[in-house]
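Chemist: Residues per chain, in single letters:
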Amino acid sequence: MRHSHMVALVCGLAAGTLVLGLLREPVGAAVQEQSNIDRGFEVAPVELDLRGKNHRLVGLGSYLVNVVAACNDCHTNPPYAPGGNPQLGEPKQINTANYLAGGTPFGPGIVSFDITPDETGLPAGHSYGEFVEQMREGTNHHRPNDVLQVMPWPFYAQMSDLDLRAIYEYLRSIPHAEPAAAGARITR
Amino acid sequence: MRFRMIASIAVPLLAVLALAGPGLLTAAKDYSLTPKIKRGLQIAPVKLNLRGKNRRLVGLGSYLVNSQAECVSCHTHPEFVAGHNPYLGERPARLNTANYLAGGEAFGPFVTTNLTPDANGNPGGLTYAVFLERIRTGQTPAHPQFGPFIQVMPWPSYREMSDQELRAIYEYLRAIPHAEPGASAAHRKARS
Chain Y
1 MRHSHMVALV CGLAAGTLVL GLLREPVGAA VQEQSNIDRG FEVAPVELDL RGKNHRLVGL
61 GSYLVNVVAA CNDCHTNPPY APGGNPQLGE PKQINTANYL AGGTPFGPGI VSFDITPDET
121 GLPAGHSYGE FVEQMREGTN HHRPNDVLQV MPWPFYAQMS DLDLRAIYEY LRSIPHAEPA
181 AAGARITR
Chain B
1 MRFRMIASIA VPLLAVLALA GPGLLTAAKD YSLTPKIKRG LQIAPVKLNL RGKNRRLVGL
61 GSYLVNSQAE CVSCHTHPEF VAGHNPYLGE RPARLNTANY LAGGEAFGPF VTTNLTPDAN
121 GNPGGLTYAV FLERIRTGQT PAHPQFGPFI QVMPWPSYRE MSDQELRAIY EYLRAIPHAE
181 PGASAAHRKA RS
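If you read the protein sequences in the order shown, they are chains Y and B. Quick note on my numbering: the first sequence kicks off at 1 and runs consecutively. Quick note on my numbering: the second sequence kicks off at 1 and runs consecutively.
Just chain B, with the same shape it has in the complex:
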């Protein structure tokens, strides 16, 4: 008797689960994303290539790159589309997605690097191991005349990030489209 009662509840329930399974799974997946990851996926200003990538890491990476650590600010040049520069009070602000994270902003003799994936899909042409070493040690072969250390970029702060966060940043940079630096000067910010 009891078995029948349970079966009469369980069988339709399982049938519903089987039918609605894929939808429920997607809903459950979204539900299980943390606010930071969700926000990261929402604010990414370019189309992301998520094939073969961990969506959670990419989302977290986007939140770090686009908001918390604002890599975009120095590594996108010019930062905003003409007529949409919030520093000039122009609204709505519109990011320059054509040259997004492609570097090219000059700080004295130092120019920000292109962080977008190269032909092999490696951000800035760096493997994860090399990327990690750059951030953790601040060493670069880019400008031997000025010594072995990366200048301007606040890596002495970023190097304290957790492995997970640095991995997330790398995964996000793998997911963005390749881009080339924009033409110079026009929208350069007054920055030291």
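This is chain Y alone, in the form it adopts within the complex:
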């Protein structure tokens, strides 16, 4: 083998190693993100309207809403269908009839919002800009003089734009729902 070939080979190998090293994490992250997206579609408890929506964002949003950020826990009342509460040792069954329709009371005057799409398709009636403002600043669009209480927005505020967009897109794709009638509510 000629020297020039040898040098080219060594340089090529070095460059290749460097590039692979640099790509290792982004590629790994992309694989992980894809598995989160797939998992998101698996765990979505309602039928999704994907027309005109970015599937990857919706899947990621479902993963965030249903798994990592556990939005269901406060925004679905009661969170589980009768006989489907894992905290009582029952096999998990989300209350899909009132899914994300809010109505959980947290002390005087504080009730979790209905975050399902309104008749114009906007989650909780909010534009994306309003949603982001709510998550980042705690703005209460229902009572503009008040800061949002209970909802852990000071922590969600640090989510990436991508994650917030994904959550919003998922909430756009779920069916509209109403909170359960007060009498029918099961308090945890």
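Careful: at least some of the hints might be erroneous.
To be verified - Partner residues aside, some chain B positions facing chain Y, computed with beta carbon under 10 Å:
id	residue
1	6
2	9
3	34
4	41
5	50
6	51
7	53
8	56
9	86
10	95
11	132
12	164
Unchecked claim - What the simulated footprint calls covered on chain B by chain Y, stretch by stretch (three residues with Cβ under 8 Å from a Cβ of chain Y suffice, anywhere in the stretch; the number is not a length):
id	stretch
13	117–124
14	145–157
In short, the hints are calculated from the structure, not lab data. Ideal placement from N, C-alpha and C gives every residue a C-beta, glycine not left out.
Based on these hints, arrange chain B on the given structure of chain Y.
Modeler: Quick look at chain B alone, frame taken from chain Y:
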């Protein structure tokens, strides 16, 4: 001739690489961190002990604990330093780092657990295997009078997280300082 030409390029290049190697490696390492990991490392509110730990997992864990899954919200009590509580419109918000993730918030008869490392460095005194089992099965020996299942904490959602994410959370909890719960009531949020 050709060899000389290549050598004249390659030799200085390799020399530069050798000299700037450590700096380049650090830059490459940072470049290779994903946005979530980077953000996680940025938003960690306490000094992290990264010795013998995987920085990527700790970063991802921080993003999960401090933002996405907001463990801080129930497991830090009080959540914010007096005068810096964003729920009261006080800015800038300042997290209570003295009692960070040390638990002690009451939800009826249930009190959040201390998630910080014990004397052996195990978060909440749990090995990874036990931590994983707690999250995946929701079972706890903490309050037998109320049955075997963890109440209040939304583990039925968290249990669907990937192994990598749960490992990341555990690694982050290993990296934070030990803390004790704060004095009660003063800044308690109205929470069921």
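Chemist: Which of the listed hints are broken here?
Modeler: 4, 5, 6, 7, 11 and 13
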